[in-house]
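**Student:** Each chain is listed here by its residues.
2 protein chains.
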Amino acid sequence: MDKTTTKTVLAIDIGGTFTKLGLVNREGQILNSKVFNTKAKKPFSQFKEKLGKEIQLLISTLYSPEDLMAIGIGAPNADYKTGEMKYPPNFSWGTTVPVRSAVVSVIDRPVFMTNDANAAALGELYFGAAKGLDHFVVLTLGTGLGSGIIVSGKLLYGHNGMAGELGHVNVVPGGRQCNCGLKGCLETYASVTGIKRTVFDLLAESNAESVLRNYSFKKLTGIAISEAAHQNDVVALEAFDRTARVLGNKMADTVAHLEPEAFILSGGLSQAGDIFLKPLQKYMEDALFSAYKGNVKIILSASASHEAVLGPAALAWQGLEGP
Amino acid sequence: MDKTTTKTVLAIDIGGTFTKLGLVNREGQILNSKVFNTKAKKPFSQFKEKLGKEIQLLISTLYSPEDLMAIGIGAPNADYKTGEMKYPPNFSWGTTVPVRSAVVSVIDRPVFMTNDANAAALGELYFGAAKGLDHFVVLTLGTGLGSGIIVSGKLLYGHNGMAGELGHVNVVPGGRQCNCGLKGCLETYASVTGIKRTVFDLLAESNAESVLRNYSFKKLTGIAISEAAHQNDVVALEAFDRTARVLGNKMADTVAHLEPEAFILSGGLSQAGDIFLKPLQKYMEDALFSAYKGNVKIILSASASHEAVLGPAALAWQGLEGP
Numbered sequence: 000m001d002k003t004t005t006k007t008v009l010a011i012d013i014g015g016t017f018t019k020l021g022l023v024n025r026e027g028q029i030l031n032s033k034v035f036n037t038k039a040k041k042p043f044s045q046f047k048e049k050l051g052k053e054i055q056l057l058i059s060t061l062y063s064p065e066d067l068m069a070i071g072i073g074a075p076n077a078d079y080k081t082g083e084m085k086y087p088p089n090f091s092w093g094t095t096v097p098v099r100s101a102v103v104s105v106i107d108r109p110v111f112m113t114n115d116a117n118a119a120a121l122g123e124l125y126f127g128a129a130k131g132l133d134h135f136v137v138l139t140l141g142t143g144l145g146s147g148i149i150v151s152g153k154l155l156y157g158h159n160g161m162a163g164e165l166g167h168v169n170v171v172p173g174g175r176q177c178n179c180g181l182k183g184c185l186e187t188y189a190s191v192t193g194i195k196r197t198v199f200d201l202l203a204e205s206n207a208e209s210v211l212r213n214y215s216f217k218k219l220t221g222i223a224i225s226e227a228a229h230q231n232d233v234v235a236l237e238a239f240d241r242t243a244r245v246l247g248n249k250m251a252d253t254v255a256h257l258e259p260e261a262f263i264l265s266g267g268l269s270q271a272g273d274i275f276l277k278p279l280q281k282y283m284e285d286a287l288f289s290a291y292k293g294n295v296k297i298i299l300s301a302s303a304s305h306e307a308v309l310g311p312a313a314l315a316w317q318g319l320e321g322p
Numbered sequence: 000m001d002k003t004t005t006k007t008v009l010a011i012d013i014g015g016t017f018t019k020l021g022l023v024n025r026e027g028q029i030l031n032s033k034v035f036n037t038k039a040k041k042p043f044s045q046f047k048e049k050l051g052k053e054i055q056l057l058i059s060t061l062y063s064p065e066d067l068m069a070i071g072i073g074a075p076n077a078d079y080k081t082g083e084m085k086y087p088p089n090f091s092w093g094t095t096v097p098v099r100s101a102v103v104s105v106i107d108r109p110v111f112m113t114n115d116a117n118a119a120a121l122g123e124l125y126f127g128a129a130k131g132l133d134h135f136v137v138l139t140l141g142t143g144l145g146s147g148i149i150v151s152g153k154l155l156y157g158h159n160g161m162a163g164e165l166g167h168v169n170v171v172p173g174g175r176q177c178n179c180g181l182k183g184c185l186e187t188y189a190s191v192t193g194i195k196r197t198v199f200d201l202l203a204e205s206n207a208e209s210v211l212r213n214y215s216f217k218k219l220t221g222i223a224i225s226e227a228a229h230q231n232d233v234v235a236l237e238a239f240d241r242t243a244r245v246l247g248n249k250m251a252d253t254v255a256h257l258e259p260e261a262f263i264l265s266g267g268l269s270q271a272g273d274i275f276l277k278p279l280q281k282y283m284e285d286a287l288f289s290a291y292k293g294n295v296k297i298i299l300s301a302s303a304s305h306e307a308v309l310g311p312a313a314l315a316w317q318g319l320e321g322p
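Heads up: the protein sequence lines correspond to chains A and B, in order. Under numbering that gives the first Met the number 0, residues 0 to 322 are what the first sequence spells out, in order. Under numbering that gives the first Met the number 0, residues 0 to 322 are what the second sequence spells out, in order.
A couple of the hints might just be wrong.
You can't tell identical chains apart in this list, so a pair holds if it fits in one copy or across any two.
[Claimed, not checked] Calculated cross-link-like contacts (lysine-lysine; reagent style DSBU-like; alpha-carbon spacing at most 30 Å):
no.	residue 1	residue 2
1	Lys-85	Lys-33
2	Lys-153	Lys-6
3	Lys-80	Lys-296
4	Lys-85	Lys-182
5	Lys-33	Lys-47
Read the hints as simulated data drawn from the structure, not as lab findings.
Only chain A is shown next, with the shape it has when bound in the complex (with noise of 0.2 Å):
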């Protein structure tokens, strides 16, 4: 590992799986980094130590402990005010998780932190591909779908902070169960999982021959099923139209609330291209209210699976130097 003697961030996003760390300059270039399993179903407890060891490591690599300016951390339902995770799905943390306090008994530095996609909408702003957009929108299309809200450069927090929650919007009432404990949320259709479940509903409606008919749910993913498409199986291409119509009309009632100039996608499910992408331009174009038709860009995020931390680094550096 390189020493440094940069002015830096110490960036953490915490994912469902993974939980990246980077040591991060303002200009955006990650000096540093680190990857682990975030054992999301074990003990917080676990976590919080291997965290710090994690952090120890990565800090003991700067030349002078002193040019570490701030941390930003993104985490699925971060308060940024009190700094905990709420009700996290998909980690078995309990309902109020202590983050950042768990960070600063580490190293006492300002800490700020936001929800993982928040932090992805401040990355986009700061270093990716919304330089320069005012009225934008991310939405991250992995495990689950999370979201990040840009109104005139400004993250938008709402009330409590907890705003841009896109993944609990409702599609179908009492449709498929949510982690979060609601039916028929986006991101039960709209996301790697989502389109793994539409498959399993083509599967049992039709009877077309499919490549996807020799996976399990527990092994089929979201590379598996855009090669398949890509391979003009019928029932993967039938399962990219249904997730991108789904996925194409709630942006367009997205629109309706904020108008914002793009939508920057990122994740697994934006990677399968123009099979996906096509589709979801044109599903979300047709929903349009008449006012936005033709005004509204879908973006592909240019930054890769382990940029992650750009987003909290992002997070820290405006914290630093205000909005």
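Keeping the supplied structure of chain A fixed, place chain B upon it in accordance with the hints.
**Tutor:** Chain B alone, transformed into the frame defined by chain A:
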């Protein structure tokens, strides 16, 4: 009409049925006002002539025309940048209606113009039920459904000033025909017109006795439905329940975008009282994502129909003073 020496703004609220004008001071007192029939299905030139005359009459009541500081206009589908109404449904005035220039040709003052429901939101913030709130959404449940969104104490304009068209989020794909050209828009269900349509659905579906079987669609009013419901008419009660369910579910979606502290309801449908508000609160609460449950209020607007000019008046004062 009283002569007055107070600094005032001229406020104009253009509705599908009535156009309301008022001279309003900084305290939100309506010093003088006028209402006329909009005649939205006649040519715009006719409206323009009538509006010009009424403005001149109203200004002639001022002690001095120099007391008039600015003009605020609220109108459906208003573009605050261009000062035009864009594709206003329910109006036969064309796709681009130059309202601001029509007003400036009569009286040359700074003119601020926005969507009627956006103006209503500012009216609530300056003079109404939302004083002291930072994050809220106004829903006007009249002939259609209008909305105005306040984020961090400011009107949410969006990229082209067209944010906040919640009347056109989708409830039922391929559902009821909306005047905007789409199908299944929220305002075709959750508005005075929407509940009338729901009553007619119910009269067709069931054999239940109902006083509402005596009304033609044209004669049926929101007040008649409300009165029937208060007499325990089963069709009327079910119509309010269905309307509340649709609206409550969509309000939960809006919370997932914006995390407001409150919704403020105005317009005919909101006047029905607990028969509508109780199920509305319940359906919204049931559909809220866990982090929001119990944190979002529903408040009735305190301003009466004749006070619709307070919205555009607040817009004008805000325009003069800066946000």
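**Student:** Each hint: holds or not?
**Tutor:** A quick look at each hint next to the structure:
With identical chains, the CA atoms of Lys-85 and Lys-33 are at most 30 Å apart within one copy only, with a shortest distance of 25 Å there and 52 Å across copies. For the homomeric pair Lys-153 and Lys-6, the shortest alpha-carbon distance inside one copy (24 Å) is at most 30 Å, but the shortest distance between copies (35 Å) is not. Taking the closest pair of Cα atoms, Lys-80 and Lys-296 come within 30 Å of each other only across two copies (21 Å); inside a single copy the shortest separation is 32 Å, beyond that limit. When the C-alpha separation of Lys-85 and Lys-182 is checked against a cutoff of 30 Å, the pair qualifies only within one copy, where the shortest distance is 19 Å, while the shortest distance between copies is 37 Å.
With identical chains, the CA atoms of Lys-33 and Lys-47 are at most 30 Å apart within one copy only, with a shortest distance of 15 Å there and 66 Å across copies.
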